[in-house]
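Start from the sequences and build out the full structure, keeping to the hints where you can.
Residues in the sequence shown are numbered consecutively from 688, following our numbering.
By construction, these hints were calculated from the structure, which means they are not laboratory data. Here a beta-carbon is modelled for each residue, glycine too, at the ideal position from N, C-alpha and C. A few of these clues could be false.
Now the in silico label distances, taken between C-beta atoms and shown as ranges [to be verified]:
#	residue 1	residue 2	range
1	D715	M688	20 to 26 Å
2	A700	E726	14 to 20 Å
3	E726	Q699	16 to 22 Å
4	E696	Q722	33 to 39 Å
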Amino acid sequence: MLAAEAMGELVQALGELDALMRELGAGDEADAQRQLLEEAFGGEKE
Numbered sequence: 688m689l690a691a692e693a694m695g696e697l698v699q700a701l702g703e704l705d706a707l708m709r710e711l712g713a714g715d716e717a718d719a720q721r722q723l724l725e726e727a728f729g730g731e732k733e
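What follows is the structure, encoded as structure tokens:
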């Protein structure tokens with residue numbers, strides 16, 4: 688149960704970080720980070 692909650696919070700934080708990077712004009716960097724995370728975790732992170 689705690690692992691599921693922690694993973695949910697991590698996904699939320701990553702989504703907020705992605706949105707912030709895009710807001711600051713770093714869309715290319717956000718795309719690169721998202722790709723690295725998808726490769727590391729074997730799926731999409733939203």
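**Distance restraint hint 33 to 39 Å, applied to the beta-carbon atoms of E696 and Q722** = 22 Å, violated
**Message:** Tell me if the beta carbons of D715 and M688 are separated by a distance inside 20 to 26 Å.
**Reply:** Given a distance of about 38 Å, which is not inside 20 to 26 Å, the answer is violated.
**Asked** Is the hinted range of 14 to 20 Å satisfied by the C-beta distance from A700 to E726?
**Response** 19 Å, holds
**Item:** Beta-carbon spacing of E726 to Q699 - inside the hinted bounds 16 to 22 Å or not
**Value:** Roughly 21 Å apart at Cβ, these two residues keep to the hinted range, so it holds.
Consistency with the previously given hints fails for numbers 1 and 4, ordered from lowest to highest.
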